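Fit chain B with the ligands to the known structure of chain S by using the hints.
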Amino acid sequence: MDNKFHTNLIVSSSPHIVTESDTTRLMGSVLLALAPAWIASIYIFGFRALLLSVVCVAASVLFEYLFNVITHKKQTVGDLSAALTGLLIAFNVPSSFPLWQAIIGCLFAIVVVKGLFGGIGKNFSNPAITARIFLFISFSANMSTWPLTRLAESTDAVTGPTPLALYAEGSQDQIPDLLHLFLGFHGGSTGEVCALALLIGGIYLIARKVISPIIPCAFIGTVFVFGLIATGSPYWALFHVLSGGVMLGAFFMATDYVTSPKLPLGQLLFGIGCGIITMSIRLFGSYPEGVSFSILLMNICTPLLNNLSYKFYLKEGGAKNGK
Amino acid sequence: MSQRKHLPSIHVPHHKNTAACETVTMPIPDEVSISMSQNIGAPCQPLVEKGDYVKVGQRIGDVQAFVSAPIFSSVSGTVKSIDKVRGSMGGFETHIVIEPDKKQEVSEEVQIPVINSFEDFVKAARDSGMVGLGGASFPTHVKLNPKNLDECEYLVVNAAECEPFITTDNREMVENGQDVLDGMKMIMKWLNLKKGFIGVETNKPDAIANLKRLIEQNEIKDIEIVPLPSSYPKGAERVLVYEVTGKTMNAGVLPAQLGVILDNVSTIGVMAEYFKTGMPVVRRRVTVDGDAVTEPKNVYVPIGTRIADVVEFCGGYKKEPRKIIMGGPMMGRATKSDESPTMKNTSAILCFSQEMAGVKEETACLNCQRCHTACPFGLMPSIFADAYEAKDVDKLNRFNVMQCMECGSCSYTCPARRPLALTNKLAKMMVKEASK
Ligand code: SF4
Ligand code: SF4
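Heads up: the protein sequence lines correspond to chains S and B, in order. The numbering of the first sequence is our numbering, which starts it at 1 and goes up by one. The numbering of the second sequence is our numbering, which starts it at 1 and goes up by one.
Excised from the complex, chain B in its bound form:
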């Protein structure tokens, strides 16, 4: 574990404008729209009906499937409608629209969980409604319950936050450092893990200082902070596992198969809060930034709040917004409308004016191989692009297109502005299709 090597990475502008912005709580909006599709895996079924009165922390969506996480009301109020909306991932999603009474009455269901065994712990993790808050939205309790638990040794906490603009993980470590460490301790205790690592980019000195202070204060011996270079994409799962543990993690391999439990830092901190208070995930910290926003901020947003309401709380738009990204600019998703509601995995809302939103015109490939040298895995995106065009599945396979994690480093670097990450994604679909 001592010799840590670095994979290739790229320098992207950090834009961590909100790093020092203490998180503020926004007022309850006039309406929330809570999606039933907030995690990888099975979507939830609504447990309430139109006209029902719901309270904060009340379970309003759930499903039997293992890979799933329940959904809770973020407000108290009346269910106005249950809508089918065209969702972010293509198909239709169910949204529960609630009109808050703004009293924020807390549900009787909100109880501090009693944990006496590993099974209790995993159940509590599920009952918290927790999913990967970094953006992946993988149900956390599934990650904490791997098949080969007895082979798992390490807890690796992803606090790299390598995406530009976003500072929510940074604020979690600064504001809730104790929760982060408590959460780690609990996971390490119930999963019987030897050691915990927090991988954090060195561009977050306040966060590192705060965690160091707390580790010393609490005399914690089995948690180590691993400083990472501040370059992209150090927070990508497979890159982080490699940089922290030296273990190669190929596509399709779960961290647990390498003996590693991996979770995002905010996920762990917020889950620890649940263990202390019993309040499940009903709000999240969101970085609101971009050149079209009047006052960039870190905001506690009730889940289901529409983007427009969040931006209004941040002083509204100062320029006409042309692109709004949920998540970071490297891997986040552009939304068609600011009517879209925030979800558990909305780490950031970035509003760009025409200047920053303009899609650059694609020109001919120069064969400069900047895409290749940028790729953390040394893949050759220019070859993928040609092979995809030629529908050469064999070549795509031979050059390992399936190893691509769609981090976007290649597209970012390409002087010809080719949308390489998109082509890679399509090429991967082509390969999967062909192997059927």
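The shape of chain S in the complex, shown without the other chains:
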């Protein structure tokens, strides 16, 4: 009689099934969405871009691994978020950036920004963005030396200005046309140059419902409208959308779940805020580019935006049932 029954079955609370998509899969799909931009960067900047990305990914994963071992935390390298941070750091620096400095950036991102705040889900700012700013402050010369693309005609020079730097100087006539900007043949950080590839990745993430379209649309939309008002020309408005880090930032870094607001209203304001700060820095500030500062500042505003959107959410009764 006793053996007839299975009396030691697993008892757990419902639901007893879960979706396939876990943290690893989500991070994996973001990595996949970055693949076109990665391939484009290697095509545009050559082998150094490949080397840089491999080193940054490996360093970030290693730092995360070691940090977890040293602090006796559950191992989290398998969730691919460290790998993602590493790739984004590579994308955010010039392809010629010294590897050891890039590694320091990874250390900063993984240990200081992420690890010390409690690991994935606890950091208040995006690790890759914060690392970019950290590197910019620490190694500004190397962070502002832009290798030429494979299309560059000049034979002696190996570096050149970014379109935004040209714009800031007032050398509008030297700026590549919109098609070149769109395809990525201009100076800039390794992964930010090819708007086309980033757009493909971004649309993929939205279609797969990995990210909501609110932040990227609000961010890019605001940059465009701001540009249109400030320059009075759709051409230059588009120029602002396609140059610098707007595409990379809007689709891949401003949308970081952990550091952006929870509710649609907050996300909308977050995106608009990113756009306004980016354009203010570009047009009125002393730096030619403002995407990373704008995202970092909005990261800091996120708790505020959350509280604000909760107020509206709760006024609606919270639950949508029947509304």
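One or more of the hints may lead you astray.
[As the list claims (entries may be wrong)] Just so you have them, the derived chain S footprint on chain B, three or more residues with Cβ under 8 angstroms: (1) 329–342; (2) 360–367; (3) 372–382; (4) 419–429.
No lab work stands behind these hints, which were simulated from the structure alone. Owing to the predicted nature of the structure, the values given are computational and were not obtained by experimental measurement. C-beta atoms are modelled at their ideal positions from N, C-alpha and C, and glycine is treated no differently.
Quick look at chain B with the ligands alone, frame taken from chain S:
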């Protein structure tokens, strides 16, 4: 009523493997164990003693309370013992263990009910022993006797069957469609309701076709089939009422307060059978499925049959079972042992091997808000979880944790595998405790 909006829902794999499996009757087992706690409300007291001979359909448990339903013997045979067993809901339950003589002698008590008035009708409903067969196990006669009966206009039949695997409601509509419509007609007649709606997910084309055919054949004008999207949880009471009638039903509100009588489709069909034959609830249709079962089937199981006997009838286990769920995988309850007997609300027995049973390891919240977008009511489970941890009752209240119906959509969707529905349940208990 024309404009029907949809609440947020999630896509879960349907696994309706047994949708086409005609219900088969299993042989009487060597022993049944009939629980006296088979409905929400008061448990029954045994009316028989050890050594008594009982017959099929004989009343063996009942209680005076209004919110209760009598319990009948599913077999003829001798009462072997009356046991106190640790029940599914925590505390102890009384079980009447009967050794069948396998003659299935029918009790003299089994009489076709005579119904001449609304009161007769409600009494007959109670005498059928009927409770919500979908899983809620709320006594049916209570639902049919609301305080504000004169304000009730509509009968809404829950045939969504949104839980994966389960196909018992589907089979009821395919095999006993006439009973379903007869039951609806009776309820509408005695409760004086204007119109009946059957809310059914479109993944049950056979059921819809059969009901449509019968409605046409019988020239029924006041019953309408409402196709629902095949997503989870369209069969949750509050979601269904909203999708069918457009009326918002908040937690703690009864459908009748919105003028709606709501019942599960199998409940209505089986009750109609009782009105025709006088045989109360002594068996039920159970979907037996899961990767550890050899031959998934729909089975008529005598109430009180142990899970192990039911599975044996389905060819036994083909893999070592590690988790057995009574009901669906989204809201059903995992049982510790396959010695547990089937009850009136056991819509399914799902046996999972280690592969499917493994509890996933919880990781850190990503703040992705998939839980929020999955929630039919737009609640924010990630906030509940934080507030629960911080014991912040005020915050739980402000974010309306009490509206949560524990449907599990949030837990299902969470990439970090957080047991959000469980936390919600605990958080609700915390809020109730604090308001005492
Ligand atoms: S779905 Fe899970 S990981 Fe995402 S916000 Fe909700 S609780 Fe956090
Ligand atoms: S369990 Fe509660 S919070 Fe979670 S989805 Fe269902 S109703 Fe919403």
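Are three or more residues of the region 360–367 of chain B within 8 angstroms, CB to CB, of chain S?
holds (count 6)
Are there three or more residues in the region 329–342 of chain B whose C-beta lies within less than 8 angstroms of some C-beta in chain S?
Result for this restraint: holds, n = 11.
Are at least 3 residues of the region 372–382 of chain B within less than 8 angstroms of chain S when you compare beta carbons?
holds (count 7)
Can you tell me if the region 419–429 of chain B counts as covered by chain S, using C-beta to C-beta distances under 8 angstroms and a minimum of three residues?
Our answer is that it holds, as 4 residues pass the Cβ test (under 8 angstroms) against chain S, meeting three.
Going through the hint list in order, the structure satisfies each hint without exception.
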